[in-house]
Amino acid sequence: MSETERHTIIALVDNEPGVLARVVGLFSGRGYNIESLTVSSVSVDESLSRMTIVTSGTPMIIEQIKAQVNKLVPIHAVHDLTAEGAHLEREIALVKVVASGPERRESLRIADIFNATVADTTTESFVFSLTGKPEKVDAFIELMRSLGRTEIARSGVVGIARGAKAL
Amino acid sequence: MASEPVNGAQIVIKALLDQGVDVVFGYPGGAVLPIYDALFKQNQLRHILVRHEQGAVHAAEGYARSTGKVGVVLVTSGPGATNAVTGLTDALMDSVPIVCLTGQVPTHLIGNDAFQECDTTGITRPCTKHNYLVKDPDRLAKTLHEAFYVARSGRPGPVVVDIPKDIQFADCPYSGPGNVKHKTYRPQIKGDAGKIAQAVDMMAKAKRPVIYGGGGIINSGPKAVELFTKFVKTTGAPTTLTLMGLGALPASDQRYLGMVGMHGTYEANMAMHDCDLMLCIGARFDDRVTGRLDAFSPGSKKIHIDIDPTSINKNIAVDLGIVGDIASVLEDMLKAWKAEKKQTDKKAVASWWKTVDGWRGRDCLNFATNKKVIKPQEAIKRLYELTLDREIFITTEVGQHQMWAAQHFRFEKPNHWMTSGGLGTMGYGLPAAVGVQLGNPDALVVDIAGEASTMMNIQELATAIQYRLPIKVFIINNEYMGMVRQWQELLHGGRYSESYSAALPDFVKLAEAFGGKGLRATKPSELDDTIMEMIAYDGPVIADIAVDPKENCFPMIPSGAAHNEMLLGPADEAEKPVSEDGMVLV
Ligand SMILES: Cc1ncc(C[n+]2csc(CCOP(=O)(O)OP(=O)(O)O)c2C)c(N)n1
Ligand SMILES: [Mg+2]
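Those sequence lines, one after another, are chains U and H. Residue numbers for the first sequence follow our numbering, so the first one is 1 and each next one is one higher. Residue numbers for the second sequence follow our numbering, so the first one is 1 and each next one is one higher.
Mixed in with the good hints, there may be bad ones.
Here are the in silico distance ranges between beta carbons for each label pair [as the list claims (entries may be wrong)]:
| hint | chain 1 | residue 1 | chain 2 | residue 2 | range |
| --- | --- | --- | --- | --- | --- |
| 1 | U | Val24 | H | Asp138 | 24 to 34 Å |
| 2 | U | Gly85 | H | Pro79 | 49 to 59 Å |
| 3 | H | Glu226 | U | Met60 | 31 to 41 Å |
| 4 | U | Ala83 | H | Ala348 | 36 to 46 Å |
| 5 | H | Ser525 | U | Met60 | 15 to 25 Å |
| 6 | H | Lys347 | U | Ile34 | 52 to 62 Å |
Derived contacts from chain U toward chain H, CB cut-off under 8 Å, selection only [stated by the list, open to error]:
| hint | residue |
| --- | --- |
| 7 | Gly18 |
| 8 | Arg22 |
| 9 | Met60 |
| 10 | Gln64 |
| 11 | Lys71 |
| 12 | Pro74 |
| 13 | His76 |
| 14 | Asp80 |
| 15 | Leu143 |
Simulated from the structure, these hints should not be mistaken for lab results. Beta carbons: idealized from backbone N, C-alpha and C, even for Gly.
Could you put together the complete structure from these sequences and hints?
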């Protein structure tokens with residue numbers, strides 16, 4: 001068996017009711033993984049939405065996933081950012097840390113290193129806001145967990161290809 | 001081209017007529033009353049009242065597959081829509097173009113658990129090619145035309161249009177079919193020229209080629225079928241067809257090896273296993289065809305031509321995948337073959353044919369006849385032989401009789417064989433025959449049936465009676481769910497759990513109760529007369545053919561086995577028990 005690979009796939013879809021259900025239903029019905037999925041309208045007239053789907057599977061499954069998503073009627077385009085070359089991936093996390101004493105001070109120091117900003121504070125908690133690659137967000141969350149009680153909200157990954165070519 | 005506003009129900013009729021629809025299979029109810037009222041006020045569009053909405057979809061499938069047109073269904077909300085689900089799934093699996101209109105509760109009630117409300121688009125999303133909920137009167141006409149476009153384009157399939165009752169009453173603008181250009185859905189028709197050249201080259205160099213064709217050839221249309229036959233002739237390659245592809249190459253063609261797969265012929269499966277080049281055209285490497293995946297045709301290069309990119313490299317990794325419409329791709333392949341003056345490796349192919357003919361010599365479809373009891377294969381063989389001079393369409397139910405029909409009925413033309421392949425839906429054949437007969441009023445239409453399957457949609461006999469559709473239900477009555485019994489014999493120690501057809505009705509009286517004719521044959525000596533009487537009768541007939549209850553369907557690739565591990569008959573069955581791995585497969 002071939003190795004499992006992680007791919008970031010984007011789909012431009014008609015912004016109409018049910019389109020998210022079609023994509024999600026396709027993944028669950030065929031047993032594909034979804035590590036994260038984000039969707040938002042992206043065109044001036046709000047007629048188009050863009051989905052970023054992070055998935056994993058063998059190369060044959062990844063090809064299937066792209067072909068299956070592309071086959072859905074309201075899909076305009078599917079791109080595999082991972083396969084198509086240099087691209088950016090970003091994610092936003094809001095991380096609440098409930099801590100006091102040295103842990104509280106340490107959380108602030110680490111946040112500074114990660115370029116996270118303080119979005120909210122009480123005397124016993126912070127909410128940090130962090131934008132970055134998913135791995136950076138992972139690392140940040142792991143450190144915060146060691147410092148106190150945490151609550152995590154993550155946006156899921158959005159991605160775009162580098163360079164001058166625009167879709 | 002907007003014209004006078006008319007109400008949504010009238011728009012529905014107008015759109016169907018403009019799409020060239022002449023018959024609709026349906027069943028009324030509260031949420032479609034306005035459409036039924038509009039139907040009542042016109043006389044161009046014919047409505048066929050089925051007796052169950054599942055029957056409506058299967059009838060539309062039979063109509064579509066035998067005529068090449070889109071089949072149209074009209075059902076009410078809630079139970080009307082949910083009853084249609086099996087038919088829609090069947091049409092999706094077998095790529096049949098269907099437009100199914102469902103009534104829905106008025107838009108302002110959607111989501112409130114209104115009477116006969118169900119989430120039709122939610123329920124049918126995974127069992128349709130696409131579906132729509134029309135919430136805006138302006139979109140109704142456009143959506144209907146788009147539904148037809150999607151249903152018939154690319155790989156065909158069922159499309160649901162859910163129409164709330166208030167939309168059916170609302171003033172709606174109309175625009176004709178010509179104005180629809182789909183913004184996203186445009187299937188690729190033309191195959192990649194470089195890949196086509198490569199395919200032709202591989203085909204010419206092959207020493208042991210096999211062509212494996214499927215239902216996609218028939219779906220592509222008459223031109224594709226013609227070109228397929230031409231391509232087979234040009235290359236002289238041994239050719240096999242899937243269950244869905246029967247008729248894509250005349251069964252009488254010398255190069256035809258019979259059907260491939262679980263109950264395919266020995267020669268077809270052996271050729272698939274031992275070939276050095278497999279050219280798959282409009283088939284999808286279904287598990288009933290491939291058998292054990294890791295032992296599937298281990299020594300061959302594989303080329304796959306299909307209009308659906310998802311079919312390529314799904315189950316089997318191929319060496320060359322060509323996305324495109326089969327007619328277009330085959331046309332280009334034949335052109336390239338001619339332009340480059342390609343020749344097959346005559347010596348190698350001749351020696352390959354020698355091997356293949358050796359397998360043919362096993363005569364794997366042979367069966368022992370018997371003076372006392374009718375063999376099911378014999379019943380089908382005689383039906384075939386006694387109707388050779390007729391234009392005959394065959395539908396089937398699901399089970400052993402279906403496989404025997406596929407083996408022993410020989411098709412010279414496409415679109416004359418309608419069976420539920422992908423979903424394997426018992427109860428398909430009778431309503432499908434209703435649809436076939438409507439599309440082909442002068443032809444002989446026979447549902448080769450099992451007694452258990454017949455009970456699943458027997459109510460449609462009333463439809464046949466009402467519209468004087470002289471369909472014949474030819475029941476291979478073995479008093480068992482024979483295919484289930486066969487598997488229980490092979491895999492479960494002969495424990496025939498719940499597979500006996502108990503409390504069967506008297507099918508002769510049943511036919512009469514519906515207003516048709518009932519016939520019965522219990523001895524081989526009665527078989528021919530019963531068949532002749534059946535086809536001579538101008539009206540619906542049930543012919544109850546009592547056959548050997550213990551007959552098994554061979555040859556067979558048991559689940560979990562490879563193409564070269566076929567069971568050819570009862571003797572093999574005892575010798576080669578099914579593996580534990582095979583048992584868990586379906
Ligand atoms: C709707 C449905 N339910 C169950 C099955 C499983 N099944 C496959 S074949 C079969 C038996 C069919 O019996 P019959 O119609 O008498 O045909 P035979 O195999 O005896 O020729 C059953 C129950 C099915 N295919 N479809
Ligand atoms: Mg039976």
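How about U:Asp80: closest beta carbon in chain H under 8 Å, or not?
14 Å, violated
Under the criterion of a CB-CB separation shorter than 8 Å, is U:Gln64 in contact with chain H as hinted?
6 Å, holds
Whether the CB-CB distance between H:Ser525 and U:Met60 falls inside 15 to 25 Å
57 Å, violated
Using Cβ atoms only, decide whether U:Arg22 comes closer than 8 Å to chain H, and label the hint accordingly.
U:Arg22 check passes; min Cβ-Cβ to chain H is 6 Å, inside 8 Å.
Against chain H, with CB atoms and a cut of 8 Å, does the hint on U:Gly18 hold up?
Since the shortest Cβ distance to chain H is 6 Å, the answer is holds.
The hint says 36 to 46 Å between U:Ala83 and H:Ala348; measuring C-beta to C-beta, is that right?
Distance hint for U:Ala83, H:Ala348 holds at roughly 39 Å.
Is 24 to 34 Å a correct range for the gap between the Cβ atoms of U:Val24 and H:Asp138?
For H:Asp138 against U:Val24, whose Cβ atoms are near 29 Å apart, the range 24 to 34 Å holds.
Cut-off 8 Å, beta-carbon criterion: hint that U:His76 touches chain H:
5 Å, holds
I want to verify a distance hint. Is the separation of the beta carbons of H:Glu226 and U:Met60 within 31 to 41 Å?
34 Å, holds
Just to be sure I understand the hint, the distance between the Cβ atoms of U:Gly85 and H:Pro79 should be within 49 to 59 Å; is that true here?
Since the Cβ atoms of U:Gly85 and H:Pro79 sit about 52 Å apart, the hinted range of 49 to 59 Å holds.
Has the hinted range 52 to 62 Å been met by the Cβ atoms of H:Lys347 and U:Ile34?
54 Å, holds
Closer than 8 Å between Cβ atoms is the bar; does U:Pro74 clear it against chain H? Give me holds or violated.
Check passed: Cβ of U:Pro74 comes within 6 Å of chain H, closer than 8 Å.
Hints 5, 14 and 15 from the earlier list are contradicted by this structure; the remaining hints agree with it.
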